[in-house]
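**Student:** Protein chains in written order, with our numbering: chain Y, 151 to 353; chain P, 151 to 353.
Wrong hints could be hidden among the right ones.
The list cannot tell twin chains apart, which means a pair is met if one copy fits it or any two copies do.
Derived DSBU-like pairs: lysine-lysine, alpha-carbon spacing no greater than 30 Å straight-line [unchecked claim]:
1) K203 - K343
2) K276 - K247
3) K343 - K275
4) K341 - K275
5) K343 - K276
6) K254 - K152
Keep in mind that the hints were calculated from the coordinates and are not lab data.
There are 2 protein chains.
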Amino acid sequence: MKNIAVLASGRGSNLEAIIKNIEKGTLQANLACVISDNKDARALQITRDHGFKALYLDPGPKKTWLLPEFEENYVKTLQEHNVDLVCLAGFMRIIKKPLLEAFKGRILNIHPALLPSFPGLEVQKKALEYGVRFSGCTVHFVTEDVDAGPIITQAVVPVLDDDTPDTLAARILKEEHRIYTEAINIILSGKYKIEGRRIIRTG
Amino acid sequence: MKNIAVLASGRGSNLEAIIKNIEKGTLQANLACVISDNKDARALQITRDHGFKALYLDPGPKKTWLLPEFEENYVKTLQEHNVDLVCLAGFMRIIKKPLLEAFKGRILNIHPALLPSFPGLEVQKKALEYGVRFSGCTVHFVTEDVDAGPIITQAVVPVLDDDTPDTLAARILKEEHRIYTEAINIILSGKYKIEGRRIIRTG
Chain Y
151 MKNIAVLASG
161 RGSNLEAIIK
171 NIEKGTLQAN
181 LACVISDNKD
191 ARALQITRDH
201 GFKALYLDPG
211 PKKTWLLPEF
221 EENYVKTLQE
231 HNVDLVCLAG
241 FMRIIKKPLL
251 EAFKGRILNI
261 HPALLPSFPG
271 LEVQKKALEY
281 GVRFSGCTVH
291 FVTEDVDAGP
301 IITQAVVPVL
311 DDDTPDTLAA
321 RILKEEHRIY
331 TEAINIILSG
341 KYKIEGRRII
351 RTG
Chain P
151 MKNIAVLASG
161 RGSNLEAIIK
171 NIEKGTLQAN
181 LACVISDNKD
191 ARALQITRDH
201 GFKALYLDPG
211 PKKTWLLPEF
221 EENYVKTLQE
231 HNVDLVCLAG
241 FMRIIKKPLL
251 EAFKGRILNI
261 HPALLPSFPG
271 LEVQKKALEY
281 GVRFSGCTVH
291 FVTEDVDAGP
301 IITQAVVPVL
311 DDDTPDTLAA
321 RILKEEHRIY
331 TEAINIILSG
341 KYKIEGRRII
351 RTG
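Generate the whole structure from the sequences, applying the supplied hints.
**Tutor:** Here's what the structure looks like:
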């Protein structure tokens, strides 16, 4: 069984789905640890409640990224836990060289839109304001360009005329919980090949 | 019954669907005329075969747009036919001021992607190369910005691991035939309101 780690900053809704799917056996992975940059993240509490290892790691003085010395501490911790795959789940910092180089091709993220539409923040608000009739979510490899790495899985939901950012977010979140597990299983199984940016399943 | 005109440059697959839906009565519109910038467009032949009025209008010397005097001739012809709504269907020229001002808010286009993803040309190739798991099509109002006007209808199709631009285009085309009629019916019925860029159905 391969080791995954989850990095989360907030309520940990995707983390919770990952934990439950590991407990049910539908996600074939060992959760080595959950790391947060936020001492008070509900994600850490959920992790402890389920008997997994929860770690707060000092993110340093920057708000949206980690200074190299701080990011290197994240790398060291992940390596000490023999982590094969790093899963970002609402981790609110841009990942830079130290992590990208230590875990090249082994960091996933989930984004609540059908990328390449609506990268970045305030995603549901952007989708509603643009007036799309469908949105969704995307699990992708993390690369230097934010929300632009190769796509593993996506799911689609309708946008309704009376949607608010919150109602749309809730509809998308359900699908996030499903496709993140699907994506992790694909990557850990190794049954895929990469052609350019395309992830082609081989098993 | 309101009058529509279709502008087409090529094989006229969407035009053909529009004609068939008018003949079946599922599209509640009168096809006043079909105009092409290409004398040999199959679209013109289809139009004649079904007993509708087919017109070739000289597009002038430019390849991707119409010089004002030529575009004004398009406007004049559409006005002479009392056209309420102009539907672009594979019309390979960028629409500019003369038509946009004469038919403000009354020009539709269909694009074979889930806008705002993959505007422009070579759409299926771009989608495959990007590695999206879903694509689709979009009917939108035509504005000065290419493929960026408010969205009326969209449809989604899966992208398969063994897709080529042609197989993906064929899957999308089926949906185009359905949602273009749907969009025209919405706009001609008048049962919608526009909030910012959002088209909200009211009936």
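**Student:** Each hint: holds or not?
**Tutor:** Going through the hints against the structure:
1. K203 - K343: neither (32 Å within a copy, 52 Å between copies)
2. K276 - K247: both (29 Å within a copy, 28 Å between copies)
3. K343 - K275: Classified as between: cross-chain Cα gap 19 Å, same-chain 35 Å, threshold 30 Å.
4. K341 - K275: between (36 Å within a copy, 25 Å between copies)
5. K343 - K276: This pair counts as between: shortest inter-copy Cα distance 19 Å, intra-copy 33 Å.
6. K254 - K152: Answer is within: at 16 Å inside a copy they meet the 30 Å cutoff, but 59 Å across does not.
Hint 1 from the list above is the single one not met by this structure.
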